[in-house]
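*Asks:* With mature numbering (1 follows the signal peptide of the UniProt record, and there is no 0) applied, the sequence shown corresponds to residues -25 to -1, 1 to 400, in that order.
Hints may contain errors.
[Said to hold, decoys possible] Each pair of labels, with its calculated beta carbon distance range:
no.	residue 1	residue 2	range
1	P326	G255	22 to 30 Å
2	E230	D94	23 to 31 Å
3	D45	K291	24 to 32 Å
In case anyone wonders, no lab produced these hints; they're calculated from the structure.
The beta carbon of each residue, even a glycine, is placed where N, CA and C say it ideally should be.
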Amino acid sequence: MRKMMLIIGLVLTLILSACSNSSSSKTKDGDGKENITLSMWVFGSPGYDKFLDAYKKVKPNVTIKIQSADYADHHDNLFTAISAGSGAPDIAMIENGYIQQYLDAQDKFNNLADFGANDIKGDYLDWKWKVGTSKDGKFVLGIPTDIGPTVMYYRTDLFEKAGLPTKPDEVKGLIKTWDDFREAALKIKEKTGVPMTDNADFVFSSIRDQAPESYFNTKDELIIESSPYVKEAYDYTVKLIKDGVVGKVEMWSPEWGTGMNEGSFATLLAPAWLQNVITGNAPDASGKWAITQLPEGAANDGGSYLGIPSQSKHAKEAYEFIAWLLSPENQLESFKAEGLFPSTPSIYKDPAFTEFTHEYFSNTKTAQAYAEAAEQVDYVYTGKYYSIADTEIETALTNVAVDGRDPEKEWKEAVKRIKRQIERQ
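The whole structure should be built from the sequences, with the hints applied where relevant.
*Replies:* Structure representation (structure tokens):
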């Protein structure tokens, strides 16, 4: 669900034909009640279809039709539909990385504050809620779905082979800083021949997301040449690449899944939503993976919101559904069923949550580990050009890691590309 740019296409005929059956509809039932059908666009497989029968018991006259597309196509289609003024769904899922772009198109969405969203604001993590609202806090674009608190997934068998501790608390104590992480990486490579990480991406993004600033300031001005944080994350990642402890396995490739299964890398510095990716790709590695905290704090990677385009003819009913769907109780169910980590902290103290263990991850209390990370995350402004900057910097790192190119030259060229693309917006 991440690291893909929003390509804003204007090929309206193709997109609108795909969207033509997505508008809400209504009829009358036998009691004279209005039967309402709401369209909902999501990306990936969030599992919300499993809640539809339960909602029928709450609102028998409301039917939800869910349409799923892949990450990039979903956001492209949504942007095109709201720009064209027709074809948009009643409910739209929007990922963190794109939220600011849609906040800049407030006239294309309903302000959920008008339906009482601020009454449930306290149910959600403050930093997560803030991302989905305007800078002045008056416009609420979406209700938070899941979040992506980042942890360190690690192979206990490789840590043991390297003579390192394997229990989560012991590993956390061993790797408190990023210098500690490097030291452990060098030892694992020496003793096992295996790199510490799958690729440069997760290393860089973990450190970047711990910082108080990212690529842009709140005026959407590029600050990576004056603010030190992104460059520090870049330079540290380059150092690990030169150490030979960073793998060259592309995310989402068949080799990536095979590597999880066979132990081709020792750690994944990754968000909560990756747990199902690991278990799905590495069925033979049950009990060989465990989870502990990142060094030097927490980060968040991913997560989404549900918003209501202004084209919806049933915005009130759409809001009632998403407020119900994303309640603390239902977010807990989504976590149990799909591994979507809740943005509602009240359930972090629920025994069903705190005592939740995952046999696959060496019986780690996974929910508790993710919650510890989630509550440490601070709000960081990303900006409407975030995807542009992120893609270019990570392209530079890939060129360094895979092709052995000069890191300083790659950094400078990436900055130039970012500036050119922003100028064209």
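*Asks:* Against each hint, give a clear statement of whether it holds in the structure.
*Replies:* Cross-check of the supplied hints:
1. P326 <-> G255: 22 to 30 Å: Holds - the Cβ-Cβ distance for P326 and G255, about 28 Å, lies within 22 to 30 Å.
2. E230 <-> D94: 23 to 31 Å: 48 Å, violated
3. D45 <-> K291: 24 to 32 Å: For D45 and K291 the Cβ distance comes to about 30 Å; the hint holds.
Comparing the model with each earlier hint shows a violation of hint 2 alone; every other hint is respected.
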